[in-house]
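Visitor: Chain by chain, the residues:
There are 6 protein chains.
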Amino acid sequence: MADLTHLDASGAAHMVDVSAKPDTVREAVAEGAISMAPAVIAAIRAGDIKKGDVLGTARIAGIMAAKQTSSLIPLCHPLPISSVSVEFDYTDTGVRVETRVRTSGKTGIEMEALTAASIALLTIYDMAKAMDKGMVIGPVRLLAKSGGKSGEWVAG
Amino acid sequence: MADLTHLDASGAAHMVDVSAKPDTVREAVAEGAISMAPAVIAAIRAGDIKKGDVLGTARIAGIMAAKQTSSLIPLCHPLPISSVSVEFDYTDTGVRVETRVRTSGKTGIEMEALTAASIALLTIYDMAKAMDKGMVIGPVRLLAKSGGKSGEWVAG
Amino acid sequence: MADLTHLDASGAAHMVDVSAKPDTVREAVAEGAISMAPAVIAAIRAGDIKKGDVLGTARIAGIMAAKQTSSLIPLCHPLPISSVSVEFDYTDTGVRVETRVRTSGKTGIEMEALTAASIALLTIYDMAKAMDKGMVIGPVRLLAKSGGKSGEWVAG
Amino acid sequence: MADLTHLDASGAAHMVDVSAKPDTVREAVAEGAISMAPAVIAAIRAGDIKKGDVLGTARIAGIMAAKQTSSLIPLCHPLPISSVSVEFDYTDTGVRVETRVRTSGKTGIEMEALTAASIALLTIYDMAKAMDKGMVIGPVRLLAKSGGKSGEWVAG
Amino acid sequence: MADLTHLDASGAAHMVDVSAKPDTVREAVAEGAISMAPAVIAAIRAGDIKKGDVLGTARIAGIMAAKQTSSLIPLCHPLPISSVSVEFDYTDTGVRVETRVRTSGKTGIEMEALTAASIALLTIYDMAKAMDKGMVIGPVRLLAKSGGKSGEWVAG
Amino acid sequence: MADLTHLDASGAAHMVDVSAKPDTVREAVAEGAISMAPAVIAAIRAGDIKKGDVLGTARIAGIMAAKQTSSLIPLCHPLPISSVSVEFDYTDTGVRVETRVRTSGKTGIEMEALTAASIALLTIYDMAKAMDKGMVIGPVRLLAKSGGKSGEWVAG
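Chains as they are written, first to last, in full-length UniProt numbering: chain A, 1 to 156; chain B, 1 to 156; chain C, 1 to 156; chain D, 1 to 156; chain E, 1 to 156; chain F, 1 to 156.
With the rest of the complex left out, here is chain A (with noise of 0.2 Å):
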């Protein structure tokens, strides 16, 4: 198992040095949920069938959101993003999210498909509160990641 790479000798935080590395492209996929009460789902579903925009707006929050990453989390490196997609479903306790960001660049993605996804359910959260302030957001967990070095990865 590898150290904390985000550590450097002395113990400090530090952003680590990627410049040497190609640029390939990778991926990374990501999901996550927020469960609610059953009303909450029903209504969502309704303004969904009219204009869709509880989850429209979540959708758009989370893509805007992976672009802003490396501004949000101290140590990631900024990343040429090419490509963001949100996707949502329904289920029974409440909404399921899954985010697919590519870069062509020279570290993983993994942070901006996990920070979509946060921020979309957060969205979520903020637009359903008056009706339900006991939702709870998660699991959030990165499904794959491939390219670069450390190559294919699928969670478990």
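None of these hints come from the bench; they were simulated from the model. A quick note: this is a predicted structure, and the numbers were derived from the prediction, not measured. Don't take each hint at face value.
Since the list can't tell identical chains apart, any single copy or any two copies may satisfy a pair.
Unchecked claim - Below, computed lysine-lysine pairings styled on DSS-like, alpha-carbon distance capped at 27 Å:
(1) K133 - K106
(2) K21 - K149
(3) K133 - K21
(4) K149 - K133
Model the placement of chains B, C, D, E and F on the given structure of chain A, informed by the hints.
Guide: Same frame as chain A, now just chains B, C, D, E and F:
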């Protein structure tokens, strides 16, 4: 149960008008967790003994993210945050975070507390992902809020 | 006719002092338009019937841009926005947007309304530019403002 | 005429994948205008003779806005801008702006040129609005683009 | 001499609670300097005679940076800035900047004045670095503050 | 000695065109200092022994600021930062910071190193200002750069 207040009569997303509401002191408390392999907990603890950089970095990321909440969550009002604290404790399965945010403003500060918790946990993921990509974030939820017309709310 | 208040006595740019002004409720309404080929209007309408994503995305972009106004316009004061709405209607030549922004603050909120309109229209351009690069944005203008010492103003 | 590429097969907004496209030098040129009362033109010209601060400030605002384009326009790719220029000239009815942006990247830079023009014009509005709230922004449009698979495009 | 208020009882960083403090008018004045080769001073002066773009650009950069202070300094409270001015004068060894920032808020505005000065000086460095990479920034310091419970403070 | 490259032939500010330059690995090293009363040095050291939060927070602020450089400095090109380190040591009169930033890009990364140093020092000021408002920041200067057409440069 209230309606989805962030959709107007036609179903379109809008930012709710709070201009007539008084400024009152409001507080929100949120919590979240990240679960990880025991070796990762041990490595973070070891770094913490040396310089505290994983949790120290995650704390700063959470505090700074609280201040970016209204830039990230589309229909969230900008609020003059008057305090933020981000606290961690180790659990058997990983790290738990508790955030507490206060404002003197016209609307609630729940989203800031939840956003601080989410970004703090994502930062832990980022700093430890070289060891374990299978870490899982959640549950993230509101614990309590106070202030404003709707008054006290405590998670059930 | 007043002077250029954003230049000081020596002609240098500065941010005008509003610290002694009271907080009052202020509102601004702006409008804008984008003209495009009929086939593009038809395609946006068709998407709108399905999921509303072009105008839905442009609405979110406008709302979020209103909150970034003081970061974009150099001498603009930061204001605690208390509501934003962005509405669209189809015209014979394209799409018209009307934005309405309110604050309880020390200075006017015209720039937020105009910025929301401009960014919403740019977002429509972005989403439709694969079909028609010749779309034209404008006129963008203030329709009305109220609140503050200068009081009501309505476009002639 | 192409489809609305920013909507996927289900009609949902997404950021189009450009990861397989090569980096090529791309340029976009946009223009815009703001019309105003003759006394305002005279005042801006007078300031310009002294210190140039209205147009000088608007130029900086436009350049800085070009760098924020992908944060403002939801589905716009981040691009490594390699040059921006923002030029003004006086017309009978106000001020005309022309922006020119270049990149070496995977997709076009039209939105950066249009955003720079729009924010430059909004900055002029902001600095002169104490004199004339009735100023009108537009038309803002793309004049030309070059580079990439679709090659040259010049406004008709 | 007071304690390090930004560390809590356990030594962890937090944003100090100011929610119970009243809004009062506060002002801070800071200064800074950059020293450079005589030929660079001459070139900046020459540009200043023509269009003032080096110092004009640095002024705008300083004003805009003041508005970003709470995004840059982790434990700094967001404050509604009510005015900013950034003034330059030439010295024998380079350029001196003086910044003055006001707010009506719950805590002091020193960091905004110091940040405006620092970014203005960095902008001068950026624009002149092709001529002289050996320019030196500093001293940057607070000259005076007023308002709030701690009242007047003037540099010794 | 070169000209002021950030002014065009007419004297107007512009962002210099680097689109034809190759991507090469570039590095910049900067330093800065903050001087303070001995009791403040002792308090920061004491906190550092406990949890390191003053310098740990300043380190994170510096790293995050490096990534915001092109948003803060008007004519600075956005660059894909590939590493940042921020190191501190105590001196007789306060704290010295040394920053090192690398990129694989088309233009130099000096501004990122200098901005990281400046914001790290401002963060120390912020966290210690309750004890000593008379702290002085500077000198901040470039120590060395490498890479690109102009090659090596070391401070004299």
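Visitor: For K149 and K133, with the copy left unspecified, which applies at a CA distance of at most 27 Å: within, between, both, or neither?
Guide: between (43 Å within a copy, 15 Å between copies)
Visitor: Quick one: K21 to K149, C-alpha cut-off 27 Å, is that within a copy, between copies, both, or neither?
Guide: both (9 Å within a copy, 21 Å between copies)
Visitor: Checking an output row: K133 and K106, CA cutoff 27 Å. Within, between, both or neither?
Guide: Between copies only: 18 Å across chains, 41 Å inside a chain, cut-off 27 Å.
Visitor: Pop the pair K133 and K21 into one bin, within, between, both or neither, using alpha-carbon distances up to 27 Å.
Guide: Between copies only: 20 Å across, 45 Å inside.
When held up to the earlier numbered hints, the structure conflicts with none and fits them all.
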